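> One letter stands for each residue in the lines below.
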Amino acid sequence: KNQVEQSPQSLIILEGKNCTLQCNYTVSPFSNLRWYKQDTGRGPVSLTIMTFSENTKSNGRYTATLDADTKQSSLHITASQLSDSASYICVVSGGATNKLIFGTGTLLAVQP
Amino acid sequence: DTGVSQDPRHKITKRGQNVTFRCDPISEHNRLYWYRQTLGQGPEFLTYFQNEAQLEKSRLLSDRFSAERPKGSFSTLEIQRTEQGDSAMYLCASSPRVFGYQETQYFGPGTRLLVL
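Just so you know, the sequences run in chain order E and C. What the first sequence shows, in our numbering, is residues 1112 to 1223, in sequence order. What the second sequence shows, in our numbering, is residues 398 to 513, in sequence order.
Just chain E, with the same shape it has in the complex:
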């Protein structure tokens, strides 16, 4: 079954600290992997997108990594800010219909 699992489910960090969010997937065939940021009550906003040939991609303080062999991805946030408080959703495109398969997200709270 095509699935995307994320950990941790929630995370609280202090402003200025770094953190890493994890994503494991079992989608086959694999097309690409994206990380979205979703503020409370808003639609998701794309942060990064990677194909199987890309190992890392950065977007400002966000850096995503992909290991297509182990089917794992991580999103590293550097020097966190209060505005980083949101849900971060890992989304894998693939399977027989190349559909987007969403993880349940990691809820990040950055405290002052």
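Bear in mind the hints are in silico, worked out from the structure with no lab data behind them. Fair warning: this is a prediction, and the values are worked out from it, not measured in the lab. The beta-carbon is built from N, C-alpha and C at its ideal position, and this holds for glycine as well. You may find that some hints are simply not true.
Stated by the list, open to error - Not the full set, but computed from the structure, chain C residues with beta-carbon under 10 Å of chain E: (1) Gly-439; (2) Phe-442; (3) Pro-467; (4) Pro-493.
As the list claims (entries may be wrong) - From chain E, some residues computed to sit far from chain C (all C-beta separations above 10 Å): (5) Val-1156; (6) Ser-1157; (7) Thr-1167; (8) His-1187; (9) Ala-1190; (10) Ser-1204; (11) Gly-1216.
Please build the complex by placing chain C on the supplied structure of chain E, with the hints as guidance.
Chain C alone, transformed into the frame defined by chain E:
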């Protein structure tokens, strides 16, 4: 604002009533998607259009749900005889048609539905 817009942003209705949501995609995006998101979960695919053609429907889309995109621009999602289990955020996304596998979907702000 040239992003995806959705209307209304919030809707409270009584069980058994019909509701209709509207989505205006980014201009010239020919793909349009509807998702449903419940609290603490990621979005679940409902249906998608390429231009005016509805190409795929999820099994989540019961016969009480219908979606249209009559002119290939805006889309509507109607829920008939609403049930409390329909309470969720309904998200719309659009994307341009690109070749390859790096299509990015741009999401609207969502319509939050509460069925009492």
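> Mind listing which of the numbered hints don't hold for this structure, in increasing order?
Numbers 3, 4, 5, 6, 10, 11, in rising order.
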